[in-house]
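Peer 1: Take the sequences, apply the hints, and build the full model.
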Amino acid sequence: MGFFWTIVLLIVTLGLAWRFLGSYMAAVFDGRVTFLGWLERPFYRLLGTSPDREQSWQRYAASTVVFSGVFLLMGYVLMRIQGSLPLNPQHFGGVTQSLDFNTIASFVTNTNWQNYGGETTMSYFSQIGVLTVQQFVSAAVGIAVAIAVTRGFSRRKSPTIGNFWVDITRCLLYILLPIAFVAGIIMVGQGAVQTLAGPVSIHDAMNGVSQTIPRGPAGFMGPIMQLGTNGGGFFNVDLGHPFENPTALTNFVYMWLTLSIPFALTYTFGKMVGSVRHGVALLVAMVLIFGTWVGFTAYAEHQNNPAVAAAGVHSTVGNTEGKNSYFGDTTSALFNVSMTQTSDGAVDSSTDSYNPIGGFGPLSGMMLGEVSPGGVGSGLYTILLYAVIAVFIGGLMIGRTPEYLGKKIQAREVKLAGLAALVMPITVLVLTAVAVSLHAGRAGPLNAGPHGFSEILYAFTSQGNNNGSAMAGLSGNTTFYNVLGGIDMLIGRFGILIPALALGGALAAKNVVPASLGTFRTDNGMFIGLTIGVIVIIGGLTFFPAVSLGPIVEQLSHGKFF
Amino acid sequence: MITNIRRSIVTVLAFTVLFGFLYTFAGTGVAQAFFRGQANGSLTANGSRLIGQDWSKTPCPGHLPGSCVFQGRPDNLGPYSDIGRYKGDSPVGHPGDNPLVANGVAGGSGTTNLGPRSKELLAYTKELVAYWKARGVSPTPDLVTTSASGLDPDITPQDADAEIPMVSRATGISPARLRDLVNQQTQGRPLGFLGSPFVNVLQLNEALAKLRG
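Quick mapping for you: the protein sequence lines, in order, are chains A and B.
Sequential numbering of the first sequence, starting at 1, is according to our numbering.
Sequential numbering of the second sequence, starting at 1, is according to our numbering.
Hint data in this document are derived by calculation from the structure and do not stem from the laboratory.
In this text, all values refer to a predicted model and were calculated from it rather than measured experimentally.
The beta carbon of each residue, even a glycine, is placed where N, CA and C say it ideally should be.
Accuracy of the hints is not assured; some may be wrong.
[Unchecked claim] To spell it out: a stretch of chain B is covered by chain A in this simulated footprint if at least three of its residues, at any positions, have a beta carbon under 8 Å from a beta carbon of chain A; those stretches are:
hint, segment
1, 56 to 63
2, 134 to 145
[Stated by the list, open to error] Pairwise CB distance ranges (calculated):
hint, chain 1, residue 1, chain 2, residue 2, range
3, B, ILE5, A, LEU556, 49 to 57 Å
4, B, ALA14, A, GLN303, 49 to 57 Å
5, B, MET1, A, GLY83, 30 to 38 Å
6, B, ARG177, A, GLY83, 50 to 58 Å
7, A, ALA515, B, ALA14, 41 to 49 Å
8, A, HIS314, B, LEU211, 24 to 32 Å
9, A, VAL182, B, MET1, 33 to 41 Å
10, B, ALA26, A, SER437, 46 to 54 Å
11, A, HIS91, B, GLY37, 25 to 33 Å
12, B, GLY192, A, PHE494, 40 to 48 Å
13, B, SER138, A, ILE186, 37 to 45 Å
14, B, PHE25, A, ARG277, 42 to 50 Å
15, B, ILE2, A, LEU556, 58 to 66 Å
Peer 2: In structure tokens, the structure reads:
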């Protein structure tokens with residue numbers, strides 16, 4: 001029953017976020033929210049720009065890429081030299097080259113894949129000055145791009161799609177900063193640590209145990225990591241760590257933070273294009289996929305772990321391996337699906353120890369391209385790409401040039417959407433194939449048999465989708481995995497982001513065709529079904545052979561242990 | 001291009017100061033002013049209320065070690081206490097295959113990462129079942145599986161109930177009184193329905209120590 005009410009509370013609170021955060025975000029990006037204007041204006045002057053000076057999609061994309069590149073370089077340098085920087089109470093040395101590359105690529109692309117252990121590798125300076133900053137900034141970049149693409153649908157005969165510098169600044173100041181700060185106070189009140197003091201050593205006279213307990217400023221890093229669907233925690237085990245996720249309440253708030261912006265952006269989209277119904281159609285497609293995945297993953301995790309059952313222990317509380325007792329099985333599964341259907345990737349339980357179909361849930365959720373609801377911004381622009389493909393297919397069926405929101409979808413738009421839809425699966429499958437054919441790749445998995453293959457496939461799927469969730473048994477901190485993973489993440493981010501912006505630019509330049517009786521409706525149940533069909537068929541056909549070698553074989557091999 | 005680079009450098013510096021350092025320092029200020037205890041790690045004289053400990057080596061004269069206290073999840077127990085299995089692997093830089101080095105070794109949090117059809121997991125689970133059977137405990141799933149962090153400070157009330165025969169035998173306290181103690185220490189779900197009810201092992205053992213005088 002507890003799980004039922006958890007879902008009810010999640011629906012109600014996310015519904016409120018959808019309506020009110022959604023319209024607030026539309027107001028922010030339309031420039032109607034100005035209470036921090038005194039801070040904004042001097043900053044734009046310093047940059048030599050202003051909200052009226054808009055950019056073409058090419059310039060918008062160039063700003064995005066250069067900005068991310070400069071951040072990447074600076075982050076790389078700062079982590080390399082963290083040994084000589086302040087705020088390093090544990091005296092960690094610089095991060096090694098390949099690990100540094102992987103980590104900074106991971107944070108700049110909003111992935112937050114962790115090949116490092118937070119409390120054993122990163123100084124407080126790196127955690128604050130590189131990783132936390134990126135959790136704000138990479139999220140803002142994603143949202144800004146989604147808004148720019150949205151403008152492509154809403155504008156007529158426009159050569160521009162917005163100003164990148166203004167969009168990210170507004171997103172950071174008006175949306176991300178205030179929500180994260182308030183959530184940080186809740187987290188610390190519940191028990192999350194927030195201190196710049198180093199580890200503490202305590203001797204327990206009752207049992208004779210001496211402990212060295214790492215601490216740090218984790219309480220305020222958690223909220224922005226979740227709100228920006230980043231997912232890379234302060235500690236190695238991320239939100240499984242009681243210092244970062246101390247109670248079932250913080251666990252719930254973390255889920256809400258992750259899901260709020262991606263869902264709410266569909267309202268923002270509807271508002272900005274002048275048809276909330278279109279936003280609702282996208283929302284319904286997202287919710288149906290999300291709900292299905294929560295259902296079967298939670299069901300699978302509510303079954304006993306086969307190894308525990310074979311050792312003769314009966315379970316009424318599901319698979320408890322790798323799960324904290326204060327969360328429980330179904331809550332952990334709900335959390336895990338929430339993090340893999342967004343691009344968040346945080347974990348509060350060990351995905352590697354999930355039952356086969358329980359592990360298939362998060363893996364396949366990422367394979368669908370993370371559109372239900374997807375990462376902040378990236379979820380919206382990716383589902384719009386699928387929507388373009390869906391209207392194209394719909395148009396083919398009725399033999400008419402398809403339109404979406406009155407914009408004619410022609411060869412150029414379909415090519416861009418097709419390109420973006422193919423980049424991720426190709427990258428993921430090629431890199432997985434490379435890894436399983438080389439010794440350096442096969443040395444990675446901890447588990448034997450199909451589960452070992454799942455670990456490799458999961459790693460490249462997660463990084464290619466900028467998720468960051470892991471079947472963490474894989475030894476990812478090798479030059480091989482660091483470099484391949486870093487490339488995977490960069491392609492997965494910019495290989496979709498740039499075509500999406502190009503699509504936005506192409507659409508912005510078009511005029512609107514008035515709707516007629518023959519127009520294919522893009523705000524009704526038929527279209528929702530078609531969009532879901534496109535998402536599931538592209539993901540399913542591309543990845544089915546790979547998945548059947550991993551979780552599906554594992555599920556079918558009853559009674560066998562590897 | 002040059003404009004983009006110049007703007008990027010200015011933005012990087014401004015954002016690093018504002019969203020990295022000012023955000024974190026302001027947060028730390030608020031946390032330390034209003035939630036000092038929590039922000040510093042919920043520490044008691046015996047450890048942190050949020051970080052699990054290994055109770056299995058507690059001396060219990062005349063009985064097996066660890067049987068006169070309530071024990072937590074086996075995050076550092078039996079097969080998982082053997083950090084030697086991972087010797088040569090420094091916990092630094094091997095987060096993926098992080099052993100369950102949570103307590104005692106500075107800075108580790110980890111899980112087994114063993115899959116549901118792992119022979120290794122099966123062997124370890126059998127070992128843990130034997131560990132509990134030797135203490136007269138019929139183990140619940142939590143008592144033979146490790147947590148999401150290697151640091152779970154809690155067990156469920158059912159887990160505590162399963163341990164009552166062991167604790168009763170070693171301390172001479174009647175099962176009925178121990179059951180009362182567990183009930184007193186059981187914390188409900190937040191808002192009445194989130195997550196699972198739980199018992200904090202450190203607080204339970206502190207209360208048990210008081211009961212024994």
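Peer 1: Confirm or reject each hint.
Peer 2: Checked hints:
Only when three residues or more bring their CB closer than 8 Å to a CB of chain A does the claim for the segment 56 to 63 of chain B stand; here the count is 3, and the claim holds. Coverage of the segment 134 to 145 of chain B by chain A holds. Counting CB-CB distances below 8 Å, 6 residues qualify, and the rule asks for three or more. Checked against the given bound of 49 to 57 Å, the beta carbons of B/ILE5 and A/LEU556, roughly 55 Å apart, stay inside it. A hinted range of 49 to 57 Å holds for the C-beta pair B/ALA14 and A/GLN303, which are about 51 Å apart.
In this structure, B/MET1 and A/GLY83 meet the distance hint of 30 to 38 Å, their C-beta atoms being roughly 34 Å apart. A C-beta distance of roughly 55 Å is found between B/ARG177 and A/GLY83, which places it inside the suggested range of 50 to 58 Å. Roughly 45 Å separates the CB atoms of A/ALA515 and B/ALA14, a value that falls within the hinted 41 to 49 Å. A beta carbon spacing of about 31 Å between A/HIS314 and B/LEU211 agrees with the range 24 to 32 Å that was offered as a hint.
The given range of 33 to 41 Å is respected by A/VAL182 and B/MET1, whose C-beta atoms sit roughly 39 Å from each other. The hinted window of 46 to 54 Å between B/ALA26 and A/SER437 holds, with their beta carbons roughly 50 Å apart. Between A/HIS91 and B/GLY37 the beta carbon distance is about 27 Å. The supplied range of 25 to 33 Å therefore holds. Separated by about 46 Å at the C-beta atoms, B/GLY192 and A/PHE494 satisfy the suggested range of 40 to 48 Å.
Separated by about 39 Å at the C-beta atoms, B/SER138 and A/ILE186 satisfy the suggested range of 37 to 45 Å. Taking the beta carbon of each, B/PHE25 and A/ARG277 are about 45 Å apart, inside 42 to 50 Å as hinted. The hinted range of 58 to 66 Å is satisfied by B/ILE2 and A/LEU556, whose Cβ atoms lie roughly 59 Å apart.
Checked against the numbered hints listed earlier, the structure breaks none of them; every hint is satisfied.
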